[in-house]
Structure formats: C-alpha cells, structure tokens
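Protein chains: 2
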Amino acid sequence: MTASHLADLRAELARRGLAGFLVPRADEHLGEYVPPAAERLAWLTGFTGSAGLAVVLPEQAALFVDGRYVLQAAAQTDAALWQRRHITQEPPQDWLAATAPAGARIGYDPWLIAAESLQRFRDAGLDMVATEPNPIDAVWRDRPGPPLHPAEPHPLAFAGKPGAEKRAEIAAALRGAKEDAAVLTDPASIAWLLNIRGSDVPFTPFALGFAVICADGAVTLFMDPHKLPAPTRAWLGNNVTLADRAALPAAVDGLAGKRVRVDPAHAPVWFAERLRAAAATVSPGMDPCLLPKACKNPVEQEGARAAHRRDAVALCRYLHWFASAPGHATEMSAAARLLEFRNEAADFRGESFPAISAAGEHGAIMHYRVDEATDRPIRADELYLIDSGAQFPDGTTDVTRTLWTGEDPPPAELRDRYTRVLKGHIAIATLVFPQGVAGPHIDAFARHALWQAGLDFDHGTGHGVGSYLSVHEGPASLSRLAKPVPLAPGMILSDEPGYYAPGRYGIRLENLVMVQPANRPEAARPFLCFETLTLAPFDRALIELALLSLDEIAWLDAYHARVVAEIGPFLAPEPRTWLDRACARLSG
Amino acid sequence: MTASHLADLRAELARRGLAGFLVPRADEHLGEYVPPAAERLAWLTGFTGSAGLAVVLPEQAALFVDGRYVLQAAAQTDAALWQRRHITQEPPQDWLAATAPAGARIGYDPWLIAAESLQRFRDAGLDMVATEPNPIDAVWRDRPGPPLHPAEPHPLAFAGKPGAEKRAEIAAALRGAKEDAAVLTDPASIAWLLNIRGSDVPFTPFALGFAVICADGAVTLFMDPHKLPAPTRAWLGNNVTLADRAALPAAVDGLAGKRVRVDPAHAPVWFAERLRAAAATVSPGMDPCLLPKACKNPVEQEGARAAHRRDAVALCRYLHWFASAPGHATEMSAAARLLEFRNEAADFRGESFPAISAAGEHGAIMHYRVDEATDRPIRADELYLIDSGAQFPDGTTDVTRTLWTGEDPPPAELRDRYTRVLKGHIAIATLVFPQGVAGPHIDAFARHALWQAGLDFDHGTGHGVGSYLSVHEGPASLSRLAKPVPLAPGMILSDEPGYYAPGRYGIRLENLVMVQPANRPEAARPFLCFETLTLAPFDRALIELALLSLDEIAWLDAYHARVVAEIGPFLAPEPRTWLDRACARLSG
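Residue numbers (this note's numbering), protein chains in the order written: chain P, 1 to 588; chain F, 1 to 588.
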C-alpha cells in the first residue's frame, strides 16, 4: 500500500524535476493536532505518530522520529522502503547533505515548514526549492477535505476581555514595533484574539483559519464561510472582515510596501516568501498574541481555579474508585472510567489530550497511548501512571498521578525514586524568583534530587497550558531546550518531573501551576511564585519520609489539607472518607 | 577637547555622505582589552570604560553603556554633547530607529562589529553602510600605532598538546562540517591553536593577529613579522605559513568558491562580507577553537591546580596580613600589598585583571576600580571586598573574598546576606548534573537562597577562565543570558554569587571550579561535577550557622581542612597559625 504511495510520489517528483522532497507531519498551521487532510506523512509511510519527518530521494527514503516514536516507527513502516532515523541524533539536514548528490534540488512545501526549520536545511548547504501545490496532493487520490465545523463565540464570562480590547492592544504593540501588520497563522492565537472557539481538530477547541491584524486594529479573518454561522459573525463585529481562505494570497500581495511581522518559528515560511516577493518587508518576530494569550487575565485565572476544582472532584472520585476496585481494571477500562467521572463534571467539553493510562512497564513509555493491542490488566504490586486532562469553557486541565497498586509497602527503590520526583515537583511549586527568569533557568530545580543520585528524566519539566485552548501552549515552558521566555503573572504551566525505568516502570507527578506575584514587599524588584491549581492527593504509600526535608513535609501537609477542604465537600461519604485518609498529615 | 573630536568626526561623516556612525569600544578582534590604537570611543567621548557604544548623528549623539558604567559615563563625558543611555534598557538600534530620519545611511566599521550585533541594527529597519577605513582614523591625528610585542612559544609542559595535534583535530572538525576553512579572529584561539603567547594587551597574554586554518590542517598566520622572532618561527613549524597583516584581504579573496566557517557572534562582520563578495560560502558557526580550548587537557588541569596552590599561598599571606594590620591600609595600598605577595609567587606573570579592592559602599560597585580619586582608608566595622587574579604559565586564577574588618561580630543583616551568598556558592560547588546541562540551566542554584528572601544579584554566577589566557573565556559560562553551551570535563569556570546594597556594601564569594566526571557508576548517562581549584578561607565571622544545612557545614569544614592541608605547609609560623584558626571546624 505505502509502497505504491512512495512510487507515486517519486514519479510526481521526477515530473517536477525535483531530486528530493520533505514530508513533515504538519498542517499549514504547524499545529500539534492536524485534520485528516494533512496526514500526508501517515499516507506516505504508514507512521501515525504526532511528530516526524520523511525525506524522499529517488533511490532512498528515510523517516526521522524522536525517541518516543522509535519503536512505533519501526512497527508501522516497511524497512525495505524506509530507513528509520533518530531526528535529534541524526538530523535530517545532515543525512540529506551526506546522501543527496551535490546541487540536488530538494523540494519543500512552504505551507508545512517554518522559516527557522527551513534555514537548518539551507545552512547544511542544501538547495531547497519551494514546491506548490504539494506533490503528494497530486497523487493522494482519496485525500479528505478540510474540516468545516462551526466557530462559536467564547463568552466574556470566560474570556474576560472583549476582542476589541485585545485587538487594540495588539495593534498598539505593532505600532510600537513600527510594524504595519502581523500575520496570524496559529488558530489558537486567532481564537484568543477574536474570542471564538471551534472543533476542527480533536482535543483543542479552535477553528482552523488565518488572520491578518493591522496596526489600526482591523482584522481580516481567512476562514471558510461555512464555518461562520450568523451569531458568530455578529459576535466578531464590523472591525473583523471575513474572507475566504482562497483570498489569502491576494491579500498578502496587497501588503506590498508594508512592514509585516511574521513568526519565524511558528508561521509557515510561505508567508515570508510571499511577502518578500510582493515587496513587503518581513519583520521577524514572535506571534503578537502568544504572550498576552499566555498571561491569563483575572477572569481566566478565576475560571482556571473553578475548572480545576470540578476536574479534581472527578479525579478524586476516580482515585477512590481505583483504590477500592483493584484487580478488575485494565488500562483501557480505567481510562474509560476516568472519562465517565469527567463526563459527570459540569461543563466538561472533552479530554484535552488522549489519556495516558499505563501500568508497570508501560509507564516508562512517556507518550504511551493504550489501544486494543497493548491493553493489559492493571495488576497488584506495580506502579500505575495516569496522565489526563480536560477541556472546560473556563479552563484546561492536565494532571498526572502515579499509584502503587499493592496492599504491602512498595519496594525501597520505588519509594526512593517516587520521593525524588516528588521533591523535584515541590521544588518548582515552592520556588520564588525575580521577574525576568524563564523556564530554562529553573527546570533544573525539578531534577536536583534525581541528579544527586545519578538519575534524570528525558523531557522538559513542564509546558504552558491554554485557557480552553491547547494543553500545550507557548511561548513559555519549563524546559531547558525552549527559548527563554520570562515567566509572567497569569501564565499556567505544568510541573511534571518524572523518572522512567525502561521495561519496568514510570513515575510522573504533575500539577498545573499559575505564576503569581510573590509577597516580598522589601524586594528591590518584583518577585514571582507559583499558585498550585491541581488538587489531588499524592500516593502516601510511595513517599519515603526520610528523604524529605521538614519544609517539604510541611508543603505536602498543607497541600493535602487544601485538597480536603476544597474537594471533600463535593464527594459522597465513601470517597470523602477515602480522601480524608489519603490526605492525612505526614508529619507526626 | 572631545568637542573638537566630535566636530571633526561629523565633518568627516558629511564628506563621506553618511548620516550617522557607530563607535563601539572594540578593536578588530572584538576583545575585552584593546590596544591604545583602538581606543576610539575614549578619544571621541572621554569615556574610558571597558564596554560601550557611541552613536553620532549630525545634530545629536548618544553614548550607550551598561549598568556598571552609568556613573562613570556621566562623570567623563560632556552632557552638552552626549546623551547618556542605558545600553540594555534603551538599545542603540531602538534609539537610532526613533531618532534618525527614515532612510538615513548609518555607517559602521565592519572590523569593529560582529554579524549578530550588526543584524540587530538591520532588524530595526536601519540602512547600515559598511565604512572603511574608519572615519575616526582620518581625523585622529596622534593615533598610536599597533603594539609590536614578540610572540613566544608556550611550552608543551604547560600546553599539554602539540600544536600540530590541535591543528589536526580542528581540521577534522572542519571536514566533518563540510567546511574548507575557518577564519580565526580571536587572538586567544590563535594562541591556543599554535601554542604561543604574547603581551600586546594588558592582563591577557596573547599576541594580536588573525589566522586561517584549512581543512587539511595548514594554517596561515597574519601577524606583523616584527612580532615573530626566529625561535617562535621555528616553534610554529613549516605547516604554519606567516603572512603580514596587510596580506589578509587578498588571502580572504583567495578563498573564492570555498565554504568557510565564520563565527557570527565573535568575528568582525568584515570577514563574512568580504567572503561573500569573493564568491565564497560563509558557514556561520562557532570559532572551532573555542570549545577544545575551554576543555583543559590533563596537563593544563594539573597546571591549574599547581597555579592555584601558588596563588593561594600569596592570597593566604595577604589575608593574614589584612587580619593582622587593620586600620593602616587604604584600598590602593591593600591591593598593592596583595600584588607584592603575588610577586613572590614562583612564575607569577602579572595580574589577570585589575584587582577590585573595595571597602564599604565601594563594594556595591560591581566593577569598582580604585584610583587616586576614589581611594579611601579601609575602616573598622565594615565589609571589604577583594576580587583579584593572577597569570601563571600553568594557569590563570580569579578569586574573591569578602571580609569583616571589625573585632565585634557583624550586624545580623550582613551575616544573613553573606550566608545566603555562601549557600549559593556551595550549591554550585556541590552540584552533580548530567552531560548536556549548560550554565544558564544551573545559574539559579546560586540564587535560590537569596530569592527566598526576595534578594538577587545583577550579574552572572560565573564565567569561563583560560589556561594562561583570558580570565574571561568562552564559550561556556554560568549565566542565564549566555548561549547554553553544555558543560564538559576540563572547563574552568568561576563560581561567584554576590549581593549588593547600593551605597552601603557589597558581598561576593568566588572560587574557580573545574568540571570533572562525577562518580555515579550506576547512572544511565555520564554525570559531571565541579572540582574546586581556589584555596582560601571564607570569613567565619560573617557565617550565620543557623542558615546552613548540615550538608553545607560539612562542605565548608572539608574545604577549610583542605586549605590547611594544601596551603598550610607553605606558610611561615604566624600566617600558619592564623590559617589554622580561620579554618577551624564550624560544626560542633
């Protein structure tokens, strides 16, 4: 099947005079979840992971994936057709530079790659050729159409600030940067700016589209008119002009002579190339919505607290169910049970990502997704890791707990590892830091207790989280690989250190935290701290008290007391009794 | 005086059709210490600080300096001629974009600015024009000539690795990157690569020059022949071709068709511009010598330990003298006394930077340099900060201690602040971390104890240090503003947190530390740690024991015991007795 797809693509490339072609797992918004029409990588290779890149040459082809997808890529693709490579250890541009003949013309779809990513190929000395329309689309005969779900108003009771006010602020920022306009290619930015939500892709409630905002605050929204029912049009107001997606190229050409901001990391390079061809000046800069969207306003902050309380009730009911019914559940049935509890929460709109329900050795697979083939019973005397999240109109949640399934105390190694991960979690949760500090500067606090023992974990400590938007939201994160964006009040981030023993078990402990001003009145500059949003007990059976400092124990006791006070009243007697026991003081 | 210089420059700019001109404090190697011929900024403005940038327009002129030089710039320059601005808070490119008329042609000397710095002006929409020769040189009538001090061999007993071997390694790296050559513009890189040293600028023992290394290991050294006596020529060998500095442009033109590495952050943009004009391909990349130079080889590591022991003997003699003779010294006389002790150390070759000898309120000026005008007695009951370093052929040192000059115990505030700084110092000194971690990721450990109290300090935690080379050496550092270069075995860095109360006092505690493999045999990846090189007691009068953990006290006791064991035997009875007392156990 994929053999014929690869042959068809090669024939098409030959017709177009190309020696090679890049096939990233991306749509034209460069987003995490893509519609079926953008699943070109899966169509070509069979690989269905959420990140990867294929490079096709006349005689060779390679699929590049990151560490979490090495096994999946091997299982899903044909070794006779595809070399499988590690995308960070053997970067595709290096492979291409070593493999393709000198001067070979390598095609790329300018809608599916950002300027910064493309530059890496050019820096490797490759002759990269923009190729439109995508050659795959010429040979993918049953390619699905784009999603056409309606966009809906996101009411002020949740958004907290009128779209007109947001547009005025972005416009002022553009004028401050001496820019005439900015192109918005991230549907989450558009959803935030215009206070609309949608359902074009799973898990993230936005509508796919593009927009241009001018320095006077006027916005043109490029979106299929079928996705904009009359109430949504009325909600958008007169200062938002609607245009069909097909009108975008001409509109970009109309920016000739203007200075236009384009995000070199997140916008398809098509925009910069088209603007330059139209004699506009490209001003490389961050999507102007990213930072204000990340800093939740007071209404969004209050919404996040409320959404987290409702989610915590569902989660605590689940944890009680899990503690009370061991031996009956499989990974899939447990995840389904959690979804049922969430379905009973007010205003639950769906999961914010596919839940990771992982027993024993599956816990060590960081992005494990259970299916019929991998499902297995959750057994006694092992670790069970449950990482899940929910979308509510007032907020997005993401929480991980790791549980011991046995009656007897867990082995010392597990208690040691769990407690070191917990120490890392607490180190972030209790940190006080001055304005200006960014995630890469503090990620290591989550690792210190592990490092002392020669241990570590292979992912960032945390990511930004949207407000009824993407559970993975920029520009800030707690990862040392990320750009250092200073943390600012209102940002919501995950605090999720872990430890993974491949083939044996995985531990991850995740709460969402929100940046807040710290009360340091005597300080010479503003200091910040984290407010913990997530409310659910940590498994006391796995805590090795001797490894905790008195301050850490005090934090845990206060946190558990808060869980009881805020969630207990919403639980039935049985789970309530369970919660009281789970949250009992650890200190004597 | 400077008024006529400014008028002369403006007339010259008008003759060349330029609306403005940049005057950075830089020589054509973009180094920290520059020869008198490169002091154009001082000639033009009167400002003699080590960093700054002037921008000259027909009607306005501004001098941009960083926080440490705000006061000095105001004192040294004429407010009627110069607007004084903060270089990070009001970046010069923003000022220019707001002040210069649209389309104004702004000149820059391509020898005095790196590509990355220039790009910031272009990104601000400015029309930047390369201007050669420098317009100042046309009107600076008594401009000094270049320094012509001889370059000398740096023997293998100190260098540890033959130049031919280093050249072969760099050549292999160029071939691996598919590059034909690299230009070397940093005299420290050339000194390391060719195992030579010199004395063209103060404090850093290198000879100014340029070099090109080809992918076959052949090097052309562009240096005035007067600086290369016969023994040095013989030492360099046949595979190093000597050429006059004037031959450089033609040699660069001769790289037509080649792929040539140029460091966009550290090389004058002249090289990239000239190479492109010559139809060579510019490959932007880090100076290939930076990383291997930073990772000291075993001979250099042993040299560093030996140099630090000799330096510690001088420093401990000084600390004893200081403790025994209070009330007699001024800042200048104390610094002079320290230099005398160092002069008695074997193979002392000079200071590695101008010593900072700062009493009381002067300690809060991070780069205070005492002179006749600012000198004052060191009084009882205040803090005295001494930050100094030495050049030895086997190693470069840099050490800071902060001392209490009183007989009675210091106030609680000083003990609190000193101890929090000390906790930060120890946190870095004791850190264990996996390979891949870089300075920006761990700098915050040095601040944690301060942050908890709403305190901080306004400089990086530490910088790289050379081996009988610059006391400020890249590419690694312990600063969150720096590029994240992974720490690697053999790197020497300073660990120097501080705390500054403007107008009152300053505290800084600095040892040099060397990255070493950590003994974590069970770890899944290599872990690293720091070996402390500097040996001198911390002032126990300023330590608040109640703020220290048991682990921190144990580290201090072990460190002080090591100081006694390694330095005590080299001291006369009186300082020896003093050292024993200064290093007595803090734990009960």
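Among these hints, one or two may not hold up.
Any copy will do: because identical chains look the same in the list, a pair fits if it lies in one copy or spans two.
[What the hints assert, rightly or not] Below 35 Å or equal to it, Euclidean Cα-Cα: the simulated DSBU-like pairs (lysine-lysine) are:
(1) Lys178 to Lys161
(2) Lys178 to Lys483
(3) Lys178 to Lys258
(4) Lys161 to Lys258
(5) Lys483 to Lys258
(6) Lys483 to Lys161
If you're looking for bench data, these hints aren't it; they were derived computationally from the structure.
Remember, it's a predicted structure, so these values are computed and weren't measured experimentally.
* How do Lys483 and Lys258 come out at 35 Å by Cα distance, when the copy is not named: within, between, both, or neither? -> For Lys483 and Lys258, the Cα distance is within 35 Å both inside one copy (28 Å) and across copies (33 Å).
Exercise. Check Lys178 against Lys161 for me: Cα-Cα at most 35 Å, and say if that holds within a copy, between copies, both or neither.
Key: within (25 Å within a copy, 53 Å between copies)
Up to 35 Å between alpha-carbons, please classify Lys483 paired with Lys161: within, between, both or neither.
within (28 Å within a copy, 37 Å between copies)
Given identical chains, is Lys161 near Lys258, meaning Cα to Cα at most 35 Å, within a copy, between copies, both, or neither?
within (29 Å within a copy, 56 Å between copies)
### Query
Is the C-alpha distance from Lys178 to Lys483 at most 35 Å within one copy, between copies, in both cases, or in neither?
Answer is both: 24 Å inside a copy and 28 Å across each meet the 35 Å cutoff.
Copy assignment of Lys178 with Lys258, given that the CA separation must stay at most 35 Å: within (10 Å within a copy, 39 Å between copies)
Hint check: no violations occur; every hint is consistent with the structure.
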